[in-house]
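Engineer: Chain residues, written in single-letter form:
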Amino acid sequence: MKIQQQEGERHVLTITVDNEAGILAKIAGLFTARGYNIDSLTVADITENHQVSRITIVTHGPPAVIDQIRAQLDRLVPVHKVIDLTELGPHVERELALVKVSGKGEHRVEALRLADVFRARPVDTTTESFIFELTGAPDKIDSFIALMRELGLVEVGRTGIVGMTRGASGA
Amino acid sequence: MNTERSGADILVESLVRQGVEFVFGYPGGAVLPIYDALFGDARIRHILVRHEAGAAHAAEGYARSTGKPGVVLVTSGPGATNAVTGIADAFMDSIPLVIITGQVATGLIGSDAFQEADTIGITRHCTKHNYLVRDPGELAATIDEAFQIATQGRPGPVLIDIPKDVQVATAMLSDAAPQRRLRYQPQIEAGADEIARAVALIAKAKAPVLYTGGGVINSGPGASSLLRRLQALIGAPVTSTLMGLGAFPADHPEWLGMLGMHGTFEANMAMNRADLIVCIGARFDDRVTGRLDAFAPHSTKIHIDIDRASINKTVPVDLPIVGDCARVLGQLIDAWGERPAPDLTEWKARIQGWRARDSLAYPKTGAEIMPQLAIERLFALTRDRDPIISTEVGQHQMWAAQHFQFFAPNKWLTSGGLGTMGYGLPAAIGAQLGNPESLVIDIAGEASIQMNIQELGTASQYRLPVKVFIVNNEYMGMVRQWQELTYESRYSNSYSDSLPDFVKLAEAYGWKGIRIEREDQLDAAIEAMIAHDGPVIVDCLVAKQANCYPMIPSGAAHTEMILYGDAVAGTMDDEAKALV
Numbered sequence: 001m002k003i004q005q006q007e008g009e010r011h012v013l014t015i016t017v018d019n020e021a022g023i024l025a026k027i028a029g030l031f032t033a034r035g036y037n038i039d040s041l042t043v044a045d046i047t048e049n050h051q052v053s054r055i056t057i058v059t060h061g062p063p064a065v066i067d068q069i070r071a072q073l074d075r076l077v078p079v080h081k082v083i084d085l086t087e088l089g090p091h092v093e094r095e096l097a098l099v100k101v102s103g104k105g106e107h108r109v110e111a112l113r114l115a116d117v118f119r120a121r122p123v124d125t126t127t128e129s130f131i132f133e134l135t136g137a138p139d140k141i142d143s144f145i146a147l148m149r150e151l152g153l154v155e156v157g158r159t160g161i162v163g164m165t166r167g168a169s170g171a
Numbered sequence: 172m173n174t175e176r177s178g179a180d181i182l183v184e185s186l187v188r189q190g191v192e193f194v195f196g197y198p199g200g201a202v203l204p205i206y207d208a209l210f211g212d213a214r215i216r217h218i219l220v221r222h223e224a225g226a227a228h229a230a231e232g233y234a235r236s237t238g239k240p241g242v243v244l245v246t247s248g249p250g251a252t253n254a255v256t257g258i259a260d261a262f263m264d265s266i267p268l269v270i271i272t273g274q275v276a277t278g279l280i281g282s283d284a285f286q287e288a289d290t291i292g293i294t295r296h297c298t299k300h301n302y303l304v305r306d307p308g309e310l311a312a313t314i315d316e317a318f319q320i321a322t323q324g325r326p327g328p329v330l331i332d333i334p335k336d337v338q339v340a341t342a343m344l345s346d347a348a349p350q351r352r353l354r355y356q357p358q359i360e361a362g363a364d365e366i367a368r369a370v371a372l373i374a375k376a377k378a379p380v381l382y383t384g385g386g387v388i389n390s391g392p393g394a395s396s397l398l399r400r401l402q403a404l405i406g407a408p409v410t411s412t413l414m415g416l417g418a419f420p421a422d423h424p425e426w427l428g429m430l431g432m433h434g435t436f437e438a439n440m441a442m443n444r445a446d447l448i449v450c451i452g453a454r455f456d457d458r459v460t461g462r463l464d465a466f467a468p469h470s471t472k473i474h475i476d477i478d479r480a481s482i483n484k485t486v487p488v489d490l491p492i493v494g495d496c497a498r499v500l501g502q503l504i505d506a507w508g509e510r511p512a513p514d515l516t517e518w519k520a521r522i523q524g525w526r527a528r529d530s531l532a533y534p535k536t537g538a539e540i541m542p543q544l545a546i547e548r549l550f551a552l553t554r555d556r557d558p559i560i561s562t563e564v565g566q567h568q569m570w571a572a573q574h575f576q577f578f579a580p581n582k583w584l585t586s587g588g589l590g591t592m593g594y595g596l597p598a599a600i601g602a603q604l605g606n607p608e609s610l611v612i613d614i615a616g617e618a619s620i621q622m623n624i625q626e627l628g629t630a631s632q633y634r635l636p637v638k639v640f641i642v643n644n645e646y647m648g649m650v651r652q653w654q655e656l657t658y659e660s661r662y663s664n665s666y667s668d669s670l671p672d673f674v675k676l677a678e679a680y681g682w683k684g685i686r687i688e689r690e691d692q693l694d695a696a697i698e699a700m701i702a703h704d705g706p707v708i709v710d711c712l713v714a715k716q717a718n719c720y721p722m723i724p725s726g727a728a729h730t731e732m733i734l735y736g737d738a739v740a741g742t743m744d745d746e747a748k749a750l751v
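Line by line, the protein sequences give chains A and B. The first sequence begins at 1 in my numbering and counts up by one. The second sequence begins at 172 in my numbering and counts up by one.
In case anyone wonders, no lab produced these hints; they're calculated from the structure. Careful: at least some of the hints might be erroneous.
Straight-line distance between alpha carbons at most 25 Å, and here's what the computed SDA-like set of lysine to any residue pairs gives [claimed, not checked]:
| # | chain 1 | residue 1 | chain 2 | residue 2 |
| --- | --- | --- | --- | --- |
| 1 | A | Lys81 | B | Asp478 |
| 2 | B | Lys484 | A | Thr126 |
| 3 | B | Lys683 | B | Ser631 |
| 4 | B | Lys683 | B | Pro636 |
| 5 | A | Lys81 | B | His300 |
| 6 | B | Lys484 | A | Arg34 |
| 7 | A | Lys100 | A | Thr126 |
| 8 | A | Lys81 | B | Arg351 |
| 9 | B | Lys484 | A | Arg70 |
| 10 | B | Lys484 | A | Lys100 |
| 11 | A | Lys2 | B | Ala728 |
| 12 | A | Lys81 | B | Gln350 |
| 13 | A | Lys2 | B | Pro636 |
| 14 | A | Lys81 | B | Ala749 |
| 15 | B | Lys748 | A | Lys100 |
| 16 | A | Lys2 | B | Arg352 |
| 17 | B | Lys484 | A | Gln4 |
| 18 | B | Lys484 | A | Asp39 |
| 19 | A | Lys81 | B | Arg352 |
| 20 | A | Lys81 | B | Gly292 |
| 21 | B | Lys484 | A | Gly61 |
| 22 | A | Lys81 | B | Lys484 |
| 23 | B | Lys484 | A | Glu7 |
| 24 | A | Lys2 | B | Lys748 |
Given only the sequences and the hints, what does the whole structure look like? Please build it.
Structural biologist: The following block contains the structure:
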C-alpha cells in the first residue's frame with residue numbers, strides 16, 4: 001500500500017498571542033504534532049509593553065484542514081485571535097530579503113541595474129560584492145533571486161511574509 | 172492583609188483556597204520544599220502513590236467520579252515523565268487535572284542537572300496549558316488561572332512547573348483572591364438562531380438519533396437530566412460513546428446501547444440509517460465512526476460541542492453548535508416548548524427489528540466461565556449498591572461497557588481516547604477517596620492490572636476498600652482477538668505467561684484474595700467480595716479465547732459488524748491493517 005499525501009491551497013494566517021515563554025514552540029509544535037504544513041513563519045512583539053506578539057504563518061492544505069488549523073490555534077490559551085487573510089480577501093503580503101551577490105565587470109553592473117528595476121537597495125558594498133535589501137511580495141523576491149543566480153548569487157536571507165488586510169479597519 | 176511567604180507556602184495556600192481536598196503525589200528532591208509545607212497541614216490530604224503514573228490516574232478517577240479537578244504533585248525529571256501517560260490520558264478524555272511538578276532551580280535549567288527534564292516541552296502537546304513559574308509572586312495568580320482553565324470550557328490537564336528556588340524564595344501573599352486573569356473565556360451558550368435551526372431539524376426528522384458522549388458527563392449531572400428531558404420531549408432513541416455511558420439510563424426503552432467498534436447492532440444500524448444525528452458532547456472518534464465515507468451516510472448532522480476544534484475535525488456536520496452541553500440542552504428544551512413529540516412509530520419499529528438480533532448474546536461453551544457472564548453477574552449482584560466502575564483497557568473493558576449497565580453519570584471511569592492499560596486500579600483508588608461510601612470496582616484484565624499493580628499498596632495504606640475484579644483469560648485478549656481475526660491466529664507475544672498468583676499477591680499486600688474457577692462459584696465469590704470490609708482481588712478464570720462481539724473490523728462500515736456466529740476470514744488487506 002502507498003502512503004497518501006494531501007495537496008491544498010495556500011493560506012496566510014495572522015495570530016495574535018500573549019508574548020509568553022514557549023508560545024512559539026507551542027504553535028510550531030502544534031503544526032508538527034497534527035501534521036500541518038508551515039511554509040513560512042514570522043513573529044515579533046507588536047505592542048508598546050511587549051506583551052502581545054503577532055505571528056504570521058503561511059500554510060497550505062485542503063479547506064477542512066485549514067479550518068482545523070484555525071480552530072486548533074484558537075483553543076490555545078495564549079492565543080487571542082486567529083485571522084485567515086486569504087479567506088478575508090484583499091490583503092497585502094510583504095517579505096524582506098537580503099541577497100548577497102559577488103562578481104566583477106559586466107555582471108556587477110547588470111546586478112546593480114536589475115536591483116534598480118526591482119527597487120532593491122545595496123546595504124553593503126565592496127569592490128566585488130553587494131548585499132541588496134529587497135521588500136515585496138514573495139514572487140517578486142523569487143524572481144529577483146532567480147536573476148541574481150546568473151550574476152553570482154552567494155547567499156540569501158528571507159524573513160517570511162507579514163500580512164495585513166487592505167482598507168481602513170483592522171482584522 | 173499581606174504576608175511574606177515562601178513559594179511552597181503560597182502554593183499550598185492557593186490549593187486550599189481552590190477547595191482541594193486531596194493531592195495525589197510522590198516526593199522527590201525538587202519538591203522537598205512543597206512537601207515540607209504540606210507537613211502537618213491538616214487542610215489537604217496527601218495520598219502517597221507507588222508510582223507517579225498512579226498519581227495521575229488516581230487524580231483522574233477522583234475527578235471523573237466527583238466532577239472536581241484532581242491534583243497531582245510530583246518531582247522533576249522522572250517524577251514528571253512518569254506522570255506523562257496519565258496527563259496525556261486526561262487530555263484525550265477531557266479530565267480536569269492540575270499537575271504540579273518540581274523543577275531544578277532556575278539557574279540550573281538547561282544544564283542537564285540531576286533529575287532535570289524539559290517538563291514544559293514534554294507536556295506541551297498533552298496539556299491544555301502549561302506554565303513554568305519563575306517568580307513566586309506569580310504563583311497565586313498562575314494557580315488560580317490553572318484551575319480556571321482545567322475546569323472551564325472543555326476540561327483538561329494543566330501543568331505548573333515550579334523550580335526549586337521559586338519554592339524557597341518568598342513573595343507577598345494577599346488574603347484577597349488574586350486578580351483573576353480573564354483571557355480564557357470559552358463560549359458556553361449557543362446562538363438563538365442555531366437553536367431554532369436545530370429545533371426545526373429535530374421536528375421534521377423521521378429517523379433521529381441522539382449520539383451522546385463524555386461532554387454530557389463533563390458538563391455536570393444537570394446535563395444528564397436535561398438529556399433525559401429532551402429525549403422525553405422529542406422521543407428519539409439514544410446511543411452513547413464509551414465515555415458517555417451513564418448519562419442516559421441503560422434500562423430506558425429508548426436506550427440503544429453503546430455505538431461504535433464494539434457497540435450494539437441496533438445502535439450502529441440506527442446511526443447508519445438515521446436521517447438526523449444530534450451529536451451531544453462527542454467527537455466522532457474513529458472507534459465510533461468506523462470507515463468515514465460510510466459513516467451515517469443518510470443523515471443531517473447537528474454537533475453540539477464546547478470545543479470548536481472538535482467540530483468538522485473528521486466528519487463534516489450541517490449545523491455546528493459551540494456551547495456547553497447542559498446549557499445548550501436547556502436552550503433546546505426551552506425552544507422546543509409545547510410542541511408534540513414527532514411520530515417516530517415507523518423508525519421505532521425498524522429499531523425493534525435490529526434489537527431482535529440480540530447482538531450482545533454469546534454462546535455458552537462447556538465448563539469455562541464466559542467473561543460476559545462474569546460481568547453480567549457482577550452487575551446483577553452489585554446493582555443495588557449503585558457502584559462506581561473503573562476499568563483497564565482491552566476486552567474486559569468492552570465487555571464491561573456492553574454488559575454492565577449504568578444509570579447515572581460519574582459512575583463509569585475508563586480510559587477511552589488514549590486507551591491506557593493500568594488506568595483502572597489507581598482510578599478506583601482516586602474514586603474511592605472521593606466517594607468513601609461507594610462500592611468501587613476495577614474491572615480488570617490479568618495483563619492490564621499488572622501495569623500499575625504497585626498501587627495495591629496505596630489502597631492498603633489508606634484503608635481503601637476498592638475491589639479489583641480480574642477477568643483472567645491468560646491473554647492480552649484484545650490483541651489476541653485482532654491476531655485471530657487479522658493475522659490468522661498467529662498469537663505473537665499476546666499470551667500472559669508467568670502470571671503471579673493473584674490471590675497470594677493480594678494477601679501479600681494485606682488484601683483479601685478470591686479465586687473463581689467454576690461458574691457455580693461466581694455468585695458466592697462476588698457476594699464475598701462485596702461483603703468484605705476492605706480491598707479485595709477477585710481472580711476470575713474465564714474462557715481463554717472468547718471474542719468481544721459485535722465488532723466492526725478496522726476500515727469497515729457500521730453495517731459490516733461481526734456478530735457471534737459469523738464466519739471470519741482471519742485475514743485483512745494492508746489498507747485495513749494500517750488502521751489502528
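Engineer: Does the alpha-carbon distance linking B:Lys484 and A:Gly61 stay inside the 25 Å limit?
Structural biologist: Satisfied, since the Cα-Cα distance of roughly 14 Å is no more than 25 Å.
Engineer: Within a Cα-Cα threshold of 25 Å, do A:Lys81 and B:Lys484 meet the stated pairing?
Structural biologist: With Cα atoms ~20 Å apart, A:Lys81 and B:Lys484 stay inside 25 Å; holds.
Engineer: Holds or violated: A:Lys81 and B:Arg352, Cα atoms, limit 25 Å.
Structural biologist: Status holds; Cα separation ~17 Å.
Engineer: With a cut-off of 25 Å on the C-alpha distance, tell me whether B:Lys484 and A:Arg70 pass.
Structural biologist: 11 Å, holds
Engineer: Take a quick look at whether B:Lys683 and B:Pro636 sit within 25 Å of each other, Cα to Cα.
Structural biologist: 10 Å, holds
Engineer: Within a Cα-Cα threshold of 25 Å, do A:Lys81 and B:Gln350 meet the stated pairing?
Structural biologist: 23 Å, holds
Engineer: Decide if the proposed pair is consistent with the structure: A:Lys2 and B:Ala728, CA atoms, cutoff 25 Å inclusive.
Structural biologist: 22 Å, holds
Engineer: Tell me if the straight-line CA distance from A:Lys2 to B:Lys748 falls inside 25 Å.
Structural biologist: 13 Å, holds
Engineer: Within 25 Å, alpha carbon to alpha carbon, are A:Lys81 and B:Asp478?
Structural biologist: 15 Å, holds
Engineer: Just to be careful, I want the Cα atoms of B:Lys683 and B:Ser631 compared with a cutoff of 25 Å; is the pair within it?
Structural biologist: Holds. B:Lys683 to B:Ser631 sits at ~11 Å (cutoff 25 Å).
Engineer: What's the verdict on A:Lys100 and A:Thr126, does the C-alpha distance respect the 25 Å limit or exceed it?
Structural biologist: Since the Cα atoms of A:Lys100 and A:Thr126 sit roughly 11 Å apart, the hinted pair holds (cutoff 25 Å).
Engineer: Is B:Lys484 within 25 Å of A:Asp39, Cα to Cα?
Structural biologist: 22 Å, holds
Going through the hint list in order, the structure does not satisfy hints 2, 10, 13, 14, 15, 16.
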